[in-house]
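Please build the complete structure, drawing on both the sequences and the hints.
Here are the chains, one letter per residue:
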Amino acid sequence: MKTLTRLAFCIAIMITSQAHSQSGSMVEVKGGEFIPLYGTKTEVPVKDFRMDVYPVTNAEFLKFVEENPRWRKSQVKKLFADDNYLRNWKNDLSFGDDMMPNSPVTNVSWFAAKNYCECQGKRLPTVDEWEYVAMANETSPDAREEKSYNQFILSWYETPNTYKNTIGNTFRNYWGVSDLHGLVWEWTSDFNSVMIGGESRQDSTGDNNLFCGGAAVGATDLMNYAAFMRYAFRGSMKAKYSIKNLGFRCVQDIEKSEL
Amino acid sequence: MIMKKVVLIMLSVFLFSACNNAEKKEADVKEEVAVNTKEIKEEIPELSIYNLPSTWTTQDNENIQLEDLRGNVLVMVMIYTSCKAACPRLIADMRNIEKQMPEEYLDKTKFIMVSIDPETDTPQRLNSFAKENVMEDDHWMFLRGTPEDTREFATVLAVSYKQISPIDFSHSNIISVFDEDGVLVHQQEGLGVDNTETVEAIKTEVSN
Numbered sequence: 001m002k003t004l005t006r007l008a009f010c011i012a013i014m015i016t017s018q019a020h021s022q023s024g025s026m027v028e029v030k031g032g033e034f035i036p037l038y039g040t041k042t043e044v045p046v047k048d049f050r051m052d053v054y055p056v057t058n059a060e061f062l063k064f065v066e067e068n069p070r071w072r073k074s075q076v077k078k079l080f081a082d083d084n085y086l087r088n089w090k091n092d093l094s095f096g097d098d099m100m101p102n103s104p105v106t107n108v109s110w111f112a113a114k115n116y117c118e119c120q121g122k123r124l125p126t127v128d129e130w131e132y133v134a135m136a137n138e139t140s141p142d143a144r145e146e147k148s149y150n151q152f153i154l155s156w157y158e159t160p161n162t163y164k165n166t167i168g169n170t171f172r173n174y175w176g177v178s179d180l181h182g183l184v185w186e187w188t189s190d191f192n193s194v195m196i197g198g199e200s201r202q203d204s205t206g207d208n209n210l211f212c213g214g215a216a217v218g219a220t221d222l223m224n225y226a227a228f229m230r231y232a233f234r235g236s237m238k239a240k241y242s243i244k245n246l247g248f249r250c251v252q253d254i255e256k257s258e259l
Numbered sequence: 001m002i003m004k005k006v007v008l009i010m011l012s013v014f015l016f017s018a019c020n021n022a023e024k025k026e027a028d029v030k031e032e033v034a035v036n037t038k039e040i041k042e043e044i045p046e047l048s049i050y051n052l053p054s055t056w057t058t059q060d061n062e063n064i065q066l067e068d069l070r071g072n073v074l075v076m077v078m079i080y081t082s083c084k085a086a087c088p089r090l091i092a093d094m095r096n097i098e099k100q101m102p103e104e105y106l107d108k109t110k111f112i113m114v115s116i117d118p119e120t121d122t123p124q125r126l127n128s129f130a131k132e133n134v135m136e137d138d139h140w141m142f143l144r145g146t147p148e149d150t151r152e153f154a155t156v157l158a159v160s161y162k163q164i165s166p167i168d169f170s171h172s173n174i175i176s177v178f179d180e181d182g183v184l185v186h187q188q189e190g191l192g193v194d195n196t197e198t199v200e201a202i203k204t205e206v207s208n
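Chains A and B are the protein sequences, given in the same order.
Using the numbering used here, the first residue of the first sequence is number 1, and each one after it goes up by one.
Using the numbering used here, the first residue of the second sequence is number 1, and each one after it goes up by one.
Check each hint, because a few of them may be wrong.
Stated by the list, open to error - From chain A, some residues computed to sit far from chain B (all C-beta separations above 12 Å):
{"hint": "1", "residue": "31"}
{"hint": "2", "residue": "147"}
{"hint": "3", "residue": "191"}
To be verified - Across the chosen pairs, the derived CB separations fall in these ranges:
{"hint": "4", "chain 1": "A", "residue 1": "32", "chain 2": "B", "residue 2": "138", "range": "43 to 53 Å"}
{"hint": "5", "chain 1": "B", "residue 1": "196", "chain 2": "A", "residue 2": "91", "range": "15 to 25 Å"}
{"hint": "6", "chain 1": "B", "residue 1": "191", "chain 2": "A", "residue 2": "31", "range": "34 to 44 Å"}
{"hint": "7", "chain 1": "B", "residue 1": "204", "chain 2": "A", "residue 2": "145", "range": "53 to 63 Å"}
{"hint": "8", "chain 1": "B", "residue 1": "68", "chain 2": "A", "residue 2": "63", "range": "49 to 59 Å"}
{"hint": "9", "chain 1": "A", "residue 1": "245", "chain 2": "B", "residue 2": "185", "range": "47 to 57 Å"}
{"hint": "10", "chain 1": "A", "residue 1": "43", "chain 2": "B", "residue 2": "60", "range": "16 to 26 Å"}
{"hint": "11", "chain 1": "B", "residue 1": "99", "chain 2": "A", "residue 2": "63", "range": "25 to 35 Å"}
{"hint": "12", "chain 1": "B", "residue 1": "96", "chain 2": "A", "residue 2": "92", "range": "42 to 52 Å"}
{"hint": "13", "chain 1": "A", "residue 1": "236", "chain 2": "B", "residue 2": "194", "range": "20 to 30 Å"}
{"hint": "14", "chain 1": "B", "residue 1": "96", "chain 2": "A", "residue 2": "94", "range": "50 to 60 Å"}
{"hint": "15", "chain 1": "A", "residue 1": "151", "chain 2": "B", "residue 2": "42", "range": "56 to 66 Å"}
{"hint": "16", "chain 1": "B", "residue 1": "180", "chain 2": "A", "residue 2": "77", "range": "51 to 61 Å"}
{"hint": "17", "chain 1": "B", "residue 1": "64", "chain 2": "A", "residue 2": "157", "range": "42 to 52 Å"}
In case anyone wonders, no lab produced these hints; they're calculated from the structure.
Since the model is a prediction, treat every value here as computed from it, not as a measurement.
Beta carbons: idealized from backbone N, C-alpha and C, even for Gly.
As structure tokens, then:
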């Protein structure tokens, strides 16, 4: 009996320390199935995973380039980042005058974002994972048909320069994740899985209805419009692009053995 | 008491390994970079695909680094072998380009098909696909990598793809030409398009 109690105690410690050491500023997202707003008409499965509560900040990215010189502005290879990479930084290791340490890092390429996450033992979220978490508002895991949710997103799309704001100033959603809407756009691991445009004759996933403006502007149309903007943006990206309103956050798989 | 120790040992092993993994990854990268700079006489251009550190498996089940191809002009396309619609036409386009190459140029050129479905396209499967399509000469090559490396490689080629059912993908139809140092010099997009410029690009690079 004594042994059992100790065992239970140790397991409890193990679980809490595990949670403490790995969660940091991450929260757990319970997986499920959902129909994304674009790209498919069938349900896609999403596994349980952890997601960063906030996008990666300037200060966090500075620490990363301090430790990984190959991602410094002056040293990054042109294959991995275009000329706009860390454009507002004064030099390799200092920010520009109007940059805040706790604003989201932007002007980072997909390669840099991907490697940042890998160095934290994490990865970039897939499009499906990102969209799955981002369809939540404060109270519901799927708020896509709520007018206020869509209006918030669309009014953000019309607001310039939100990337200069600091993290944590938009809403924290159902899962405990902040700033998915209202601050910056975010990289996903498979952004190049979005097939939009005439060049792909094999594009059998595109929903042509989205190209034809609907007559009424109901919640569904607003919702489609907001999502279409995101998917179209992803479809126009290249991995070395570094854009001023595009940042990222990381996710992590949940190993079954931890439970 | 013994139980507790065992658990504690297990616990510490787990925590350490989780921590070391991340570090090891970084160390690996650094090592690779170090090796690269040592072995190569001339530095790889910044825009070269040889800056990608990934390992690939050929249809002959050999593991290669992209960099092992340095010195060849590369003509690359991304396909999957169970594809019924576009890929046979993409393969035909590759063959058409190959046919227009003078025999002596073929020694310095590799026509490479990279699988976007590495789970299905095992080396064995790529090998039989090569046989069925009579693409067994040395200048034909089929490659498969990890799903992550494949995704990364596609981003460099500006190729989009998405699995839309267990056996089917939608994908861009792009044939890319790389010079001897792995720098992208030409792309043709679409099926059955006029390939004059592509052929010219390859000839120019080989004769350089």
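Against the structure, the hints:
At roughly 18 Å, the least C-beta separation between residue 31(A) and chain B is larger than 12 Å, which holds for a residue marked as non-interface. No Cβ of chain B approaches the Cβ of residue 147(A) within 12 Å, the least distance being about 31 Å, so the stated non-interface status holds. The Cβ of residue 191(A) does not lie farther than 12 Å from every Cβ of chain B; its closest approach is about 8 Å, which violates its non-interface assignment. Checked against the given bound of 43 to 53 Å, the beta carbons of residue 32(A) and residue 138(B), roughly 50 Å apart, stay inside it.
Distance hint check for residue 196(B) and residue 91(A): the Cβ-Cβ separation is about 47 Å, which falls outside the suggested range of 15 to 25 Å. A beta carbon spacing of about 38 Å between residue 191(B) and residue 31(A) agrees with the range 34 to 44 Å that was offered as a hint. For the pair residue 204(B) and residue 145(A), the beta carbons lie near 56 Å from each other, so the given range of 53 to 63 Å is met. Between residue 68(B) and residue 63(A) the CB atoms are about 35 Å apart, so this pair departs from the stated range of 49 to 59 Å.
The hint said 47 to 57 Å for the Cβ distance between residue 245(A) and residue 185(B), and at roughly 32 Å that hint is violated. For residue 43(A) paired with residue 60(B), a C-beta distance near 40 Å fails the hint of 16 to 26 Å. For the pair residue 99(B) and residue 63(A), the supplied restraint of 25 to 35 Å is violated, since their beta-carbon distance comes to about 54 Å. Checking the proposed 42 to 52 Å range against residue 96(B) and residue 92(A) shows it holds: the Cβ atoms sit about 48 Å from each other.
Restraint check, residue 236(A) to residue 194(B): a C-beta distance of roughly 26 Å satisfies the suggested window 20 to 30 Å. Take residue 96(B) and residue 94(A): their Cβ atoms lie about 54 Å apart, and the range 50 to 60 Å holds. The hint said 56 to 66 Å for the Cβ distance between residue 151(A) and residue 42(B), and at roughly 57 Å that hint holds. One distance hint, 51 to 61 Å for the beta-carbon pair residue 180(B) and residue 77(A), is violated here, with the actual separation near 18 Å.
Taken as a hint, the range 42 to 52 Å holds for the pair residue 64(B) and residue 157(A), whose Cβ atoms sit roughly 45 Å apart.
When each numbered hint is compared with the structure, violations occur for hints 3, 5, 8, 9, 10, 11 and 16.
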